[in-house]
Amino acid sequence: MIFNSEFSGQQQHTTQPIVTGGSVIALAYKGGVVVGADTLCSYGSMADFKNVEKIAQVSKNTIYVSSGEFSDFQQVVRELAKIDRSALQYDDGVHPSPRDYGNYLARLSYKRRCKINPLYLQNVIAGFHNGERYLGLVDIYGTYLESNFVTTGFASYFCKAIISNYWNENCTLDQAKQVIRECFKVLFCRDCRAHDVIQLAYVDEQGTHIEQPERVETKWDFSGFKNRANEKLHTQ
Amino acid sequence: MLKHLYDTDCVTWSPQGKLFQVEYAMEAVKQGSICLGLKSSENVVLCSLKRQPSELAGYQEKQFKIDDHMAIAIAGLTADARVLCKYMRTECLEYKYTYESHHPVGRLVFKVAEKSQHKTQSGAKRPYGVGLLVAGIDPNGVHLFETCPSGNYYEYKCQAIGSRSQAARTYFESWFHLFEKSTLEQLVLHGLSAIKKAIMEDEELNEKNVEVGILGKNLKFTHLNAQELKDYIAKLEGFNPNSQIQQE
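One line per chain: the protein sequences are A and B, in this order.
For the first sequence, the residue numbers in full-length UniProt numbering are 1 to 236.
For the second sequence, the residue numbers in full-length UniProt numbering are 1 to 248.
Be aware that one or more of the hints could be misleading.
Each computed DSS-like pair below joins lysine-lysine, with the alpha-carbon atoms no more than 27 Å apart [unchecked claim]:
| hint | chain 1 | residue 1 | chain 2 | residue 2 |
| --- | --- | --- | --- | --- |
| 1 | B | 111 | A | 60 |
| 2 | A | 82 | B | 157 |
| 3 | A | 115 | B | 115 |
| 4 | B | 115 | A | 82 |
| 5 | A | 60 | B | 157 |
| 6 | B | 181 | B | 111 |
Just so you have them, the derived chain B footprint on chain A, three or more residues with Cβ under 8 Å [unchecked claim]:
| hint | stretch |
| --- | --- |
| 7 | 81–94 |
| 8 | 97–106 |
Derived by calculation from the structure, the hints in this document are not laboratory data.
All C-beta atoms, glycine included, are put in the ideal place defined by N, C-alpha and C.
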C-alpha cells in the first residue's frame, strides 16, 4: 500500500473553502426577525447546486444560516441540534435561548480559529425569545456581535446602503422582506457567485416560519442586451 | 437482621433490596446540623444552624454561593460538601463561558445526582456523606431541590434536613400554604421560626449561630449580615403567621 505522506497522520487545516454558500441578509422588524439567503452552493466559480434550502431551524424559536464552506455549515447545524436535544437528555424542558446558541457558536468558532483550523463560515443566528428579538453574527474568527441587521459576504459591501435607506427596525415584516429582495436583486447583478432564487424565513412570537424559495425579480430585457446596439463587428 | 453481612460495600445488596452503605451515608446527613429552605413565587430563602466545634473555634459555614442565581446549604460531611460545591461552581462557570447565561438549576442538580449515584455503584468508592439543599432561580422559575447521597433528588416547596429537622418540617406542614405569596421578610421569619423549633432547650438563636441566605428573581444570592440577622431574630418575637392569613 502506498500512503501519501502529505495526507496521512497529519491534521489538515482549512485554508480555503471548496463548496460555498452565498450572502446572507437578516433584518429585525417590529415583532420579529427575518433572514434571507440564496439557494446556491458554488463550487468555485461554478454554480453547482442551485436548489439548496439552507435556512436551518435550530429550535422552536431560533434559525441559523451561514455563508462560506457548506460542509462546515452542515456540521454546525448538527452541533447546534445536539445542544437542543440536551433538553431531552436532562428531562427538564429547558431549551437554550437564541442568544445561548449565538454564544456557543462564537466559542466554537473561536476555539477553531485558535487551532488555525477555522470553521470557514460567517454565521447568522436569528430568533425571538421572551418577547425580544435576537439577531447575532459570528464570523470566521469567533467575533460575536448582536445587531438589528446583519449581512455576510458580498452583501456587506453592496447592500448596507440599501438597508440604510429603506429599512428601519420598526418596519413591518413585508417591508423588511422587500428590502431583502431588493438587496438580492442587486447582489445577483453584481456578485458573480450569487443566484436569483432566494429563501426567506422569519421568527416571531409564534415561532419560526421558513418559506418556500422564490425567484427574485430581475430585468434583463434592456434593448441594449437584446439588440446589441453597441456591438460592432470587427472587420479586418 | 444480620446487617453486618451485607453492609461492607456498595456492591452488595441485602436480601430486602437495600444498599446499606448508601443508607448509612444518609445517616451522616441526619447527623449534620439543621438546614432548611423555603420558596415563594419570587424568592428562595436558606436558613441553617451553624455548629461551633469548641469555644475557641469559629462557626462552620453551611451555605455556599454557587453562582449569582444559585446557592447550596449542606448537612453532613463538610469535606464531601466542598467537593460537590467545587464541582457545581465549575459547571456553572463553564456554562456561563459557553452560553453567557445561567446554568439551569434542575440540570445542575441532575448532574450532581448523577455524580452521587456513580459513587454508589462501585466496589472501590463510597457515597458522598452530604445532603444539599439547592436554591436557584432560572427562566423555569424559582427552585428548591434536595440531593441525597443515594443520587436521588427532589424538588420541594420547602424542606429541612439534618439533625432535628422533623420539628422544622412539622412547622412547614402547618404553614407552607402561605409561602407562595409571602414577601421576602415573611419568608425569612418563617425560616427562622422553623429553625427555632429545631434547637435544643438550652440553645438560643443569635446572629452568630444562624446563617440566612436569600435569593430572588432580581436579587443575587446574598447572606444576611450580622446586623440584619439581629433585626430579624428580634422580629421573631412578634411574628405571627396567623396574621399573614388575615392579610390574604
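Against the structure, the hints come out as follows:
In summary, the hint linking residue 111 (chain B) to residue 60 (chain A) is supported, as the alpha carbons are separated by about 25 Å, within the 27 Å threshold. With a C-alpha separation of about 32 Å, the suggested pairing of residue 82 (chain A) with residue 157 (chain B) is violated against the 27 Å cut-off. A C-alpha spacing of about 32 Å is found between residue 115 (chain A) and residue 115 (chain B), which places the hinted pair above 27 Å, so the restraint is violated. With a CA separation close to 22 Å, the supplied pair residue 115 (chain B) and residue 82 (chain A) stays within the 27 Å bound.
This hinted pair does not check out: residue 60 (chain A) and residue 157 (chain B) have alpha carbons roughly 30 Å apart, beyond 27 Å. For the proposed pair residue 181 (chain B) and residue 111 (chain B), the alpha carbon gap of about 31 Å is over 27 Å, so the pair is violated. Counting residues of the stretch 81–94 of chain A whose beta carbon lies closer than 8 Å to any beta carbon of chain B gives 5, which meets the minimum of three for the stated coverage. For the stretch 97–106 of chain A, the assignment as covered by chain B holds, since 5 residues bring a beta-carbon within under 8 Å of that chain's beta-carbons and 3 suffice.
When the structure is compared with the earlier hints, violations turn up for hints 2, 3, 5, 6 and for no others.
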